[in-house]
Structure formats: structure tokens, C-alpha cells
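Given the coordinates of chain P, work out where chain A should sit on it, guided by the hints.
Protein chains in written order, with the numbering used here: chain P, 8 to 120; chain A, 67 to 180.
It is possible that part of the hints are untrue.
As the list claims (entries may be wrong) - Computed, partial: chain P to chain A, Cβ under 8 Å:
1. 50
2. 51
3. 53
4. 63
5. 64
6. 68
7. 96
8. 103
9. 106
10. 108
11. 110
12. 111
Simulated from the structure, these hints should not be mistaken for lab results. Each residue gets a CB set at the ideal place from its N, CA and C atoms; glycine is no exception.
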Amino acid sequence: GESVGLHLPTLSVQEGDNSIINCAYSNSASDYFIWYKQESGKGPQFIIDIRSNMDKRQGQRVTVLLNKTVKHLSLQIAATQPGDSAVYFCAELSGGSNYKLTFGKGTLLTVNP
Amino acid sequence: NAGVMQNPRHLVRRRGQEARLRCSPMKGHSHVYWYRQLPEEGLKFMVYLQKENIIDESGMPKERFSAEFPKEGPSILRIQQVVRGDSAAYFCASSLTGTHNEQFFGPGTRLTVL
Numbered sequence: 008g009e010s011v012g013l014h015l016p017t018l019s020v021q022e023g024d025n026s027i028i029n030c031a032y033s034n035s036a037s038d039y040f041i042w043y044k045q046e047s048g049k050g051p052q053f054i055i056d057i058r059s060n061m062d063k064r065q066g067q068r069v070t071v072l073l074n075k076t077v078k079h080l081s082l083q084i085a086a087t088q089p090g091d092s093a094v095y096f097c098a099e100l101s102g103g104s105n106y107k108l109t110f111g112k113g114t115l116l117t118v119n120p
Numbered sequence: 067n068a069g070v071m072q073n074p075r076h077l078v079r080r081r082g083q084e085a086r087l088r089c090s091p092m093k094g095h096s097h098v099y100w101y102r103q104l105p106e107e108g109l110k111f112m113v114y115l116q117k118e119n120i121i122d123e124s125g126m127p128k129e130r131f132s133a134e135f136p137k138e139g140p141s142i143l144r145i146q147q148v149v150r151g152d153s154a155a156y157f158c159a160s161s162l163t164g165t166h167n168e169q170f171f172g173p174g175t176r177l178t179v180l
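Isolated chain P (complex conformation):
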């Protein structure tokens, strides 16, 4: 089965609100996680990553939180904009590999103007 999965398949927010997308993983040995954004008809685009020795990492308008105790990952998007509408995937490096990404099923984020 999937070692990376998402709690909610869809999320709808109002423009300007903050968005939180969640992800659960089952492999406690995973040490590197990535969030990707995939717009319709395009390939995944790297957003932010985090290593297991960190709890939090911030980028421009995005923050990733890692809770290793409950094996949970979240992506927070501040002041969500219509251009943020996309499917968001969390991915992990799996099976002791340092290149083989395992993706969850994705969350569709819709931003309403």
C-alpha cells in the first residue's frame, strides 16, 4: 500500500485566507519530504522540502511542518491566491533510497475569488 497519503482529497478556500494541506506517512525511516504543486496539464513543481531533523521550514508564503511523533506533514500557504489553485502532493524518499520519490494521492486546492 501507499506509504504516503493525504487526509483530504479537496480543499476550498477564499482568496486571502490561509490554507493547510495535510499528509500522513507510514515509514518512520523516511528522512526527507517534499511538497509539490501540480497545475492542470503540467508536471509537478517543487515548492519546499524538509529533512527529518527539522520540525519546521519556511519559504515565501509557505511553511512546512513535520511531526515525526505522529508521522504527519503539513503545508501551510499564507494569503492564498487564485494562482495557488492546483493539486498538491507530498512526497518522501522511500526505502532507504536517496532518489526514489513516493508520492501521495494529492489534494486539490481551489481558491475562490
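Only chain A this time, still in chain P's reference frame:
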């Protein structure tokens, strides 16, 4: 600075035909990865190649699928005798190194098998 390029973007094949998908990595990248994405699913790793070498093909189906990354030219994912279940989006990614390095994805090839 061109990103990862894939062609064709859309490919339609009838059952039993062959599909050839091409991927040109980013300039300077010698590590290429192929992933498959079924509708409403996440991407699934298929194969990892470096120039003239297959490093890891653990995600490739045992039959009908093959991949190569020649010394010159793009990486090729080849699917022989396609079946309807092969219909999917196939994404190629490239990286500068093969270790914990950001993988840049191409736009994908959407294969439809009639």
C-alpha cells in the same frame, strides 16, 4: 535556460502498437527519472537512469516496458504492444546529481490507448 522537455505532449495509440516517449533533461543534468501517473493518483516511480546506464528499474513492469538514456540524445521510455491500462501521464524528471537533489519535472506525455 530550458527546463526538462518531453515530447510528444499527447500520444494516442491503438492496442498492440508501440509508444515512444522522449525526455530531454535540463542542461547539465545527467540523472533522469521516469514516473507514471494514473488519473487522480500520485506519481509512481518507474526507472532511474544515468547516461548509458540503468541504475534502478524496480518500478518498471517486467514486460513490454524499457528505458534508455544514450550517450547522445534524449532518454526514451518505450512501451511495446500497448494495452488500455497503459493510458496515463508519464513524467520525466532530471537532477544534477542523484543524491537528495531536487528533481525538476517535465510537462509530461499523456498517453491514450484506444
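- Against the structure, test the hints numbered earlier, and report the numbers of the ones violated in rising order. 4, 5, 6 and 8
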